[in-house]
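S.K.: Dock chain B against chain A, hints included.
Now for the letters of each chain:
There are 2 protein chains.
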Amino acid sequence: MSAKPIKDLSKLCVHTITTKPWSLEEAAENYERVGVKGISVWRQYLGGRDIAASGERLRSHGLEIVSLVRGGFFPSVSSKTREQAIQDNLKAIEEAAALGAPMIVLVCGADPGQSLVKSREQIKDGIEKVLPFAIEHGVKLAIEPLHPMYADTRSAVNTMGQANDMAEAIGSDHVGVAADVYHLWWDPDLREELLRCGRNDNLYAFHICDWMCPTVDFLNDRGLMGEGCIDIPTIRGWAEEAGFSGFNEVEIFSDRHWAGDQKEFLDKIVESYYKS
Amino acid sequence: MSAKPIKDLSKLCVHTITTKPWSLEEAAENYERVGVKGISVWRQYLGGRDIAASGERLRSHGLEIVSLVRGGFFPSVSSKTREQAIQDNLKAIEEAAALGAPMIVLVCGADPGQSLVKSREQIKDGIEKVLPFAIEHGVKLAIEPLHPMYADTRSAVNTMGQANDMAEAIGSDHVGVAADVYHLWWDPDLREELLRCGRNDNLYAFHICDWMCPTVDFLNDRGLMGEGCIDIPTIRGWAEEAGFSGFNEVEIFSDRHWAGDQKEFLDKIVESYYKS
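Protein chains in written order, with UniProt numbering: chain A, 1 to 276; chain B, 1 to 276.
Worth double-checking, as some hints may not be accurate.
[As the list claims (entries may be wrong)] Simulated coverage check for chain B against chain A, where a stretch passes if three residues somewhere in it have a Cβ under 8 Å from a Cβ of chain A:
1. 151 to 158
2. 183 to 196
[As the list claims (entries may be wrong)] Here are the computed lysine-lysine pairs in the DSS-like style, where the Cα-Cα straight-line distance is at most 27 Å:
3. A/Lys129 - A/Lys140
4. B/Lys91 - B/Lys129
5. A/Lys275 - B/Lys118
6. A/Lys118 - B/Lys118
7. A/Lys118 - B/Lys4
Keep in mind the hints are simulated off the structure, nothing from the lab. The structure presented is a predicted model; accordingly, all values stated were derived computationally and were not measured. Yeah, the Cβ is synthetic: ideal placement off N, Cα and C, and Gly gets one too.
Pulled out of the complex, with its shape left as it was, chain A reads as follows (with noise of 0.2 Å):
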């Protein structure tokens, strides 16, 4: 099944990281100006500010909500550290509730001082912890699978697979997965788990950007949609597939873009949006 064309910005949500030079009031300007309609919310873009007002303000600008970035990083060899991360994930999910997020995004974590499969037991320990507090401020929570080469400190969760697995385990239907085609685009099994993952009501989010050839940088050498070498129109057929009709998120780490004109850079993101 082939993607349906992009026609329009109804469904382009930006994460404010993508600009990361502006701050969260000029990005909402600036996001609203070209027709952007969603906004993901990194966290420290609320550093200092009226939450709650700031959630306002963004929705003045005509921007959906889409979803706080992010909780997660769970795992640990110490146990106090597992403990701070459960705070931290708690703080998250009242910030996400006073701003009118519906989610939060988790990178879940890893501790390379300790095996994948005990990370990825404090991982599904973590979520469960926070849950019900996430459930009673109705916040999703969305765990992301991440590249396999993030899989020493990053996330011990690399593929849609594993994602699906941890989100049926957990079973809630406030815990699904976030699909990011830089993360996934090389897997084999994609199209058949997000497909699963559709099935289960688990898809709750799809990011966008592109794999640069040859990419110079672990983090922050990502590319605008057409710049690199994923097919994103196939694998949004496949998310279209599984059911998923929201936001289609731009999330771009990029020390290029950012190093530019944000408007300029803003507007190659609506501009290749239409051939994502």
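M.R.: Same frame as chain A, now just chain B:
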């Protein structure tokens, strides 16, 4: 099943690229001096040499030639480039036979200008085209799955599962798999897929090094065994459980280690090998 503790160097093989600054002759002399028993030869080290005589010389240093590295790179959007790859692989087979190497490691390749599915078809087609020549020369072909971060240009085969699928689909006793902990350590299905590989007599090679935390370069920042976060003894245990009894091949690309004294580096390889 735990790995058997390493008690001697009888199964230690070093890839010539590991001590990149040394010529083939310097590598052979130094490997012998510290007790290394196997050598895998990268093709560039044969440049300008009588290959059969080089093989004799390596053996005179007490070194068993484990593999020739590397063939592959079959996929391309260009049919001319694909044909050139076939010719180059035929040449590699001749080189392996002349050197007395029983196996060629295949870095299968990928072309970002086409789908991974297409690249995989071209890999299978390429292997099947050169296979009769390989059988005639008594040379085996080992498909090496590469880490998903190399799916853009280096290999469309990124997991043991995919490598097993391909080896089994080709179904020849001259086509198997080379397993490298650096590429595979993150995979939740690794044990199961190594066992499957062993059951089919397809586990041809086992490569070791370590994943640095953080890793600062996509290609040339691999670590000595123990420098990073890979649990090598556990994975080696799985390979042994799968029936593997060949050499443990040290294959480290490291600008950091290459910049230092190679004799000291080789001493560290031997030291860290006992812990791997």
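S.K.: Going through the numbered hints above, which ones does this structure break? Give me the numbers in ascending order.
M.R.: Failing hint: just 6.
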